[in-house]
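**Q** In case you want the letters, here they are:
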Amino acid sequence: MRGDPILEIQGLDLGFAAYGQVTQVLHGIDLRVEIGQRVAVIGESGSGKTVTMKAVIGTLPHPAGRVLGGSIRFQGRELLTLTRSERDRLKGTDISIVHQDPLTSFNPVFTIGQHLDDVLRYADRRLGAATDRAGRQRRVETTLRQVQLNEPERILRSFPFQLSGGMRQRVLIAMALLHRPQLLIADEPGTALDVTTQDEILRLLNQLVSEEHLTLLMVTHNLAVVRQTADYVYVMQAGRIVEHGPTRAIFEAPRAPYTQQLLAAIPPLYGTRVQRREALTTDAFITASDLAKRFVSPRHWLEPARPPVTAVRGATLSVCRGDIFGIAGESGSGKTTIARMIMGLLPPTSGRIEIDGRSIEDLRADPAFRHRIQIVYQNPASSLNPRRTVAETLAVPLAFARSARRGERADRTRALLAQVELPAHFASRYPHQLSGGQKQRVAIARALAVEPEILVLDEPTSSLDVSVQKTIIDLLLALRTQLGLTYLFISHDLSLMRNFCNRIAVMFRGEICEQGTTDEVFLHPQNAYTRALIASIPVISDEEERAKPSVTLEERRAVLASTVQL
Amino acid sequence: MSSATDLTQDFEELSNLGRAWRRFLRNPAAVIGALIVISVVVAAVLAPLLAPHPGHAGSFVDFRNRHIAPSFAHVMGTDNVGRDIFSRVLFGYRVSLLLVVGVLGVAVPLGVLFGLLAGYFAGVVETAFMGFTNVMLAMPPLVMALAITAVLSPDLVNSMIAITCLWWTWHCRLVYRVTKSVAAEDFVEAARLAGASHFHVLFRELLPNCTAAISVKTTLDAGFVILFGASLSFLGLGVQPPTPDLGTMVASGAQFLPEMWWEAVMPGLAILYAILGFNLLGDGLRDMMDVEI
Amino acid sequence: MIASYLARRAIGFVFVLFGLSVVIFVVARVVPGDPARIALGPLATAEQVAQLQQEMGFDKPAIVQYVDYLGRVLHGNFGRSLLTNRPVSADIVEALPATLELVLFTLLLIVLVAVPAGVLAARWHNTWVDNTSRLLSLLGVVTPGFVVALVLQLFASLFHFFPLTGRLSPNLGFIADITRLVLVDSLLKGRFDVFADALSHIFLPSLALSAAGIGQVMRITRSSMLDVARRDHVETLRSFGVPDWLITIKYMLRLAATAPLTILGLEFASLMGNAFIVELVFAWPGFASYGVRAILSKDFNAVMAVVLMSGLFFVVANLLIDLLIGIMDPRLRIRRT
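Chains as they are written, first to last, in our numbering: chain A, 1 to 566; chain B, 567 to 859; chain C, 860 to 1196.
In case anyone wonders, no lab produced these hints; they're calculated from the structure.
Beta carbons: idealized from backbone N, C-alpha and C, even for Gly.
Mixed in with the good hints there might be a few duds.
Stated by the list, open to error - Restraint-style ranges between C-beta atoms, simulated for each label pair:
#1 Ala-869/C with Val-67/A: 54 to 62 Å
#2 Arg-364/A with Gly-930/C: 46 to 54 Å
#3 Met-855/B with Ala-866/C: 22 to 30 Å
#4 Gln-821/B with Asp-1036/C: 31 to 39 Å
#5 Leu-1191/C with Ala-424/A: 50 to 58 Å
#6 Ala-586/B with Leu-280/A: 44 to 52 Å
#7 Gly-671/B with Pro-108/A: 17 to 25 Å
#8 Gly-516/A with Ile-1193/C: 42 to 50 Å
Whole structure, please, built from the sequences with the hints as guidance.
**A** Next comes the structure, spelled out in structure tokens:
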């Protein structure tokens, strides 16, 4: 009956036992999901949201995970007092979970068909019904069609690595739906996917909930995603529920400071909160004309030749001195390839690049050029040598850039660390003794050591927590003013770029499909892909939603169809 | 400002080595291994002082005391010409350790160098080195060592040469694999972009990332070199008598099985003891440094 | 698909075998001392030595000697054995089946013992099952082959369950002429008495030969299974209630098997080496014991042939293992789309 609770968690206390001690991770969780509702649980990593879901499903690590108190009732039945086999009977049949990472959730050496068949067969068996393979196959194909996968036979025969991320996520949803569960739990749906694909997956979930009369319990760290996909929201922090309420109330009038903090951390796309950047100069500094890059895959003479991959085609762009120029695109769009060509690391197949009037061929031959443009990498863990201290890492550019004597070097190291707001005693630390944000600051310091004019930033904040991202961005802005730097900022995070860059080029499958000032691109996007991309970014207010560009259904389908191939 | 919390977030001041050491001590097998290895080294170095009958290590005969079973006077018994087996075992450890030092002292640096070069430079260098290495690895090492020592005359130095010729390839392959994966990391490119020379990248950036794997493998290898050398001398192709060698002792004792079992079993256990020690130590190091071999 | 994957590996191995032949040739010819004189002994006259040298082709330049040698080897001509005075190829053909049988039985033993042991040890991680099997496998790894062989012989002589040496009791009058493998042929011909006898003869040598292999494979299986157990897809299947035993035997094992199989391929090299010792100790009439005799009497042609055969065994075994891995792991043979 609608309105009745399908899941009720009351006063749940949970802990983990290790080396004889129990650490409590959940404190008095109260959660209620009504039939037909879509409920979201928001929390950052470490909030306890995943553990709560595991407790509901019954996959807590055993015996480390201990319930210390409270109750979990499903359709009125107390789950915590059930036996293992009774609990197992509910899995996949009454309560199903859609897992987070479509890449690692499948065993790579088995076909999709084998996964789905085994799941269905054992679910049937647990309910006492023995079914035949043909019957199961029919049911599996029907479910695949329901999640908008139109070639079920081909998909069943494929191995996971032969499908795209979006398709794999749909298969995971299908796996959860095979036995018509009452409660569907979705763990970070679409987080591992591109924004456009994530949008589609969320729409699919909405559709399934209404068509199949499901109840949806969604767990995510991204508050904005929740606005369109949930009726009721619980906010968790450090194992406690700090706030809950209907979606509208949470977004429009959040009471808890943590919720307000979460909302504030989401960069706005439109409205007065947007931070606009201005160009500092109008002198063209970096220009690329009709740039193209083709990769020929090395082939073994025993195999048929594979067609060369065109990573970039017909790219033309212009960066002025002092710009924060953003190159936006999803994975495989060619954005990193363009940046590497501009840096001189990859020779272009055709086209011209000029920096400060000199061609890239000239510059690649000139060792002094190396020091005018540097790069900060995405993953702070792999961009620092784990076996070298901060001082030793910084010594490399210092030693080879200027002939600095030992004494001078120590001073320069201190100065660099101060510039990135790190205390001097960090110089003797190893990377494992630094946090992600601190490591990234060291990476920035290393890039600055040779006093470059241009800094290429390759997704520098993607692997950092949202709160830390902001501090790094602030640092970069300060450095730009202090040192007169020009930035080439590569990212897939458009909302971040909206508030950081002054010019943006949007790339799609190797081509620049839109280019202009940030305001132009966001307020008046011309290209269909750009519009679809911006439209699929989750926002937190109705005003912003209305300000988004409009995209017709056909346009969206067309863009999606072309991205699915990637 | 949350930047402040980011900066003051302090981590354990304990260094790399300190934490690793504590992890090592918590592993009983590793500690036992270390103790065994230390005892073997001490036994070998101080053999003349520790052996109850140091004179028995050379050519010595005492037919009145042959074939005595293990007793207080002779802890491991005596062999067919009356020599105290325990003393000979202690001196036998000298030969074993000499073999280890001789082989690994050459094989490891050679293998590491070639592995680094092959993994970093790729292309022709990689194909040439690894092609050659793969050929060497395809040869059953004992077989090749037998063949080599057979054509040269059998003695300690030749066995060392034979074993070294093959052994360096294992280290080469190991370092090659580690180097190849590390060379793809961003910090290597960053160092090159900062102006580092190839020499710097190879020895200051890549090599430190290999040392963990190299030390584990070298420790485990010490045990296997001993095993190998013993197998060679068991077949009569290693050290020649009267120099005491554990493998030869087992071989000559084998004729007297099963009545005078101690003459073959005791030296065999001695070999086992040494290999066990190195193996446990190597495993312990592997767990401590968290590497995959 | 899988054909091209195998073809690539096979070509690599052909190069390996060529390289092997070069190295063997170089080792054999770059010998201090005169092989002809060594073969004939110190009492030979200068003419006799010169004649043998010419017979053996030592007076021609090295490259020519190698090409000649390679040509002959590819035709199966390994020259004459100085010990038996028969063509070496005949000696090897006669001795080959015994070694083949021993090696195959050993591999079977390793897989049937080590893999289940590793799976169980991983499943009952940190219990007595795990600790006992780890201890036993450690002993297998650290005990030299000849020590295991001698200890087994000791027990055999004390308890009289198994025969000490040889491949078959002499009084049974059985000729294996179908596959040349006594165990197989005796079953094919219905002679179960011969089968039982052969089994009792092969058991101890095989056990001695397999000890190290069992140890290594068991440890790798265990760690590989533990590693796979941590992965997300295992959790996925569990959350749908798929039974644990199915997950372990079907899903985890298939993924985890690559590592132990690869190790088995590498272990094969030391297996071949240990075969020499085991065949010697148990007087097993295979080409490895033939090889030891050849080495000890400096019978060149025989030594080179035996080393080449061992290399060939290694290469073929690894090729078969690669085939098996390719079947089990589709990522290796199917191109990503």
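**Q** Look at each hint and say if it fits the structure.
**A** Quick rundown of the hints versus the structure:
1. Ala-869/C with Val-67/A: 54 to 62 Å: The hinted range 54 to 62 Å holds for Ala-869/C and Val-67/A, with Cβ atoms some 57 Å apart.
2. Arg-364/A with Gly-930/C: 46 to 54 Å: holds, 52 Å
3. Met-855/B with Ala-866/C: 22 to 30 Å: For Ala-866/C against Met-855/B, whose Cβ atoms are near 39 Å apart, the range 22 to 30 Å is violated.
4. Gln-821/B with Asp-1036/C: 31 to 39 Å: holds, 37 Å
5. Leu-1191/C with Ala-424/A: 50 to 58 Å: holds, 51 Å
6. Ala-586/B with Leu-280/A: 44 to 52 Å: holds, 49 Å
7. Gly-671/B with Pro-108/A: 17 to 25 Å: The hint (17 to 25 Å, Cβ to Cβ) is violated, given that Gly-671/B and Pro-108/A are roughly 43 Å apart.
8. Gly-516/A with Ile-1193/C: 42 to 50 Å: holds, 43 Å
Checked against the numbered hints given earlier, the structure breaks hints 3 and 7 and satisfies all the rest.
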